[in-house]
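The sequence shown: position 104 = 104 (my numbering), numbered continuously.
Be a bit skeptical, because a hint or two may be false.
[Unchecked claim] Below, a list of computed lysine-lysine pairs in the PhoX-like style, where the Cα atoms sit at most 25 Å apart: (1) LYS191 / LYS203; (2) LYS122 / LYS153; (3) LYS329 / LYS222; (4) LYS203 / LYS408; (5) LYS453 / LYS153; (6) LYS222 / LYS203; (7) LYS413 / LYS203; (8) LYS350 / LYS329; (9) LYS222 / LYS328; (10) LYS413 / LYS122; (11) LYS153 / LYS203; (12) LYS408 / LYS191; (13) LYS328 / LYS364; (14) LYS153 / LYS408; (15) LYS413 / LYS191.
What the hints contain is simulated information worked out from the structure, not anything from laboratory work.
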Amino acid sequence: MNPSFLAQDTIAALATPPGEGAIGVIRLSGPDSIALASSFLELSPVPRQAKLAVFRQNGRRIDQVVATVYRGPASFTGEDMVEISCHGGTSVLRQVMGALVRAGVRSAERGEFSQRAFLNGKMDLLQAEAVADLISARTAGSGRAALSNLEGKLSGEVRAVRNALVEAAASLEVALDHSDDPTVGTALTFKEIGSRIEVQGQKIGRLLASYESGRLLKEGVKIAIAGRPNAGKSSLLNSLLSSDRAIVSPHPGTTRDTLEEGFDLLGIPAVLIDTAGLRAHTQDPVEEIGMERTRRAILESDMAVVVMDSASEISGDDERIAGLMNGKKAVVALNKGDLPAKTDLPRVRKLFPDRPLVSVSALKGEGMEELLQALRGQVQGIHGIEDPEGSEAVVTSLRHRDCLARAKESLDKAGDVIRQGGAEELAALEIREALESLGELTGESAEADILDKIFSGFCIGK
Numbered sequence: 001m002n003p004s005f006l007a008q009d010t011i012a013a014l015a016t017p018p019g020e021g022a023i024g025v026i027r028l029s030g031p032d033s034i035a036l037a038s039s040f041l042e043l044s045p046v047p048r049q050a051k052l053a054v055f056r057q058n059g060r061r062i063d064q065v066v067a068t069v070y071r072g073p074a075s076f077t078g079e080d081m082v083e084i085s086c087h088g089g090t091s092v093l094r095q096v097m098g099a100l101v102r103a104g105v106r107s108a109e110r111g112e113f114s115q116r117a118f119l120n121g122k123m124d125l126l127q128a129e130a131v132a133d134l135i136s137a138r139t140a141g142s143g144r145a146a147l148s149n150l151e152g153k154l155s156g157e158v159r160a161v162r163n164a165l166v167e168a169a170a171s172l173e174v175a176l177d178h179s180d181d182p183t184v185g186t187a188l189t190f191k192e193i194g195s196r197i198e199v200q201g202q203k204i205g206r207l208l209a210s211y212e213s214g215r216l217l218k219e220g221v222k223i224a225i226a227g228r229p230n231a232g233k234s235s236l237l238n239s240l241l242s243s244d245r246a247i248v249s250p251h252p253g254t255t256r257d258t259l260e261e262g263f264d265l266l267g268i269p270a271v272l273i274d275t276a277g278l279r280a281h282t283q284d285p286v287e288e289i290g291m292e293r294t295r296r297a298i299l300e301s302d303m304a305v306v307v308m309d310s311a312s313e314i315s316g317d318d319e320r321i322a323g324l325m326n327g328k329k330a331v332v333a334l335n336k337g338d339l340p341a342k343t344d345l346p347r348v349r350k351l352f353p354d355r356p357l358v359s360v361s362a363l364k365g366e367g368m369e370e371l372l373q374a375l376r377g378q379v380q381g382i383h384g385i386e387d388p389e390g391s392e393a394v395v396t397s398l399r400h401r402d403c404l405a406r407a408k409e410s411l412d413k414a415g416d417v418i419r420q421g422g423a424e425e426l427a428a429l430e431i432r433e434a435l436e437s438l439g440e441l442t443g444e445s446a447e448a449d450i451l452d453k454i455f456s457g458f459c460i461g462k
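Please construct the entire structure, taking both the sequences and the accompanying hints into account.
Below, the structure written as structure tokens:
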């Protein structure tokens, strides 16, 4: 990117979560970061060497700190940087930041350190977004996906596609510029360009196919807990979370609204959705609203846990709930397994064909491990979600998917033009459109407002 976009001031921010802690790290970046920090404490002359020092303001001792200097371009932002590790008290950190700001340092905006790293060529936009994803990762699986993108796996695949298309576009441009001169040759023939477009389009298609698993790794698998009133849905939620998050009552219809809770499904991020019980009729308008929200939650979820009361016979409500599961991944939890069973198992299997059945007691916490394994088994068929080492590039963002989809659409159009013997100008135009979409993906051709929107979603200090 053009360095003229860079702010020439020096910024600072707390890089650790606010509040009390053992350590609070304040980072500075910019042309005056080393000089400004030196006016408050003694820095090591050796880059990357931590030094114990006393932070003073007007001769008054504020804190004993550890400071480290990073000289650009060998730093996170590509600029001169200083990181000051203070004791993590709120008062100390406020005094240190206040002293720096009064000395001329500007408080950093959200994501400004990462934005400067991007603008200075330390990382592309995909990698910068992966930084935020890694920070917000809730499970090992989502962390691996983010780390893979931070290390450049997705960037590398996109770059390889882009380089191949640049050569194809260059050959077309040469052919167009010298169409009246048969002595001028091109690196690729029109037929070879068509073949290259097809191959690169297939590569983009494979990346697009990874979006479903990437979305689930980033956002979490949405699991709706459904069942008739008083089947034990809220008790099951509490048992899975090992926490009393939902109100439990022996009276049917206690749950009136959906309740969402983040959850680690054996390494895969998930969101459990407790719902109102479904029954055929109710005289309570509030309960009816809750049931409508339940139907919507089931429809919008990625999978479901159907909770049945195994201590009672199958009801018409159970049958109607089974009808809502058509085409949806689901696990049937036969709750109250600690009581004598009255449920007709062959009939349950007929209602829920090819769905795992697990006997549980939500009240006693029995069968939870088997239920977790069954739930995890339902997501194993999703491409890439079980990749233990993050060996495949995974698309995790809707923005990424949209950029790739536009690039694929442009390449498909270019391929059609070439196969039908159409005008080279049209093929060249579509390839340029594809390159523009890929450039927006990596940040090479992203507009300033897009960059501002992306980085404003980061935390302060990153």
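Each hint tested on the structure:
A hinted pair counts as satisfied when its Cα atoms are at most 25 Å apart, and LYS191 with LYS203 qualifies at roughly 19 Å. Between the alpha carbons of LYS122 and LYS153 the distance comes to roughly 15 Å, so the proposed pair stays at or under 25 Å and holds. Our distance criterion of 25 Å between C-alpha atoms is met by LYS329 and LYS222, whose separation comes to about 11 Å. Distance hint between LYS203 and LYS408 is fulfilled; the C-alpha atoms sit about 9 Å from each other, no more than 25 Å.
Taking the CA atoms of LYS453 and LYS153, the gap is near 24 Å; set against the 25 Å cutoff, the hint holds. Using a Cα cut-off of 25 Å, the hinted pair LYS222 and LYS203 is violated, with the two alpha carbons roughly 29 Å apart. Using a Cα cut-off of 25 Å, the hinted pair LYS413 and LYS203 holds, with the two alpha carbons roughly 16 Å apart. For the given pair, LYS350 sits about 15 Å from LYS329 by alpha-carbon distance, which is consistent with the 25 Å threshold.
Restraint check for LYS222 and LYS328: the C-alpha separation of about 12 Å stays at or below 25 Å, so the hint holds. Between LYS413 and LYS122 the alpha-carbon distance is near 34 Å, which puts this suggested pair outside the 25 Å criterion. Straight-line distance between C-alpha atoms of LYS153 and LYS203 comes to about 14 Å, which keeps the hinted pair within the 25 Å bound. A threshold of 25 Å between alpha carbons decides the hint, and for LYS408 with LYS191 the separation of about 19 Å falls inside it, so the pair holds.
Note on LYS328 and LYS364: the hinted pairing is violated, with a Cα-Cα distance of about 28 Å set against a maximum of 25 Å. The suggested pairing of LYS153 with LYS408 holds, with an alpha-carbon distance near 19 Å, which does not exceed 25 Å. Note on LYS413 and LYS191: the hinted pairing holds, with a Cα-Cα distance of about 15 Å set against a maximum of 25 Å.
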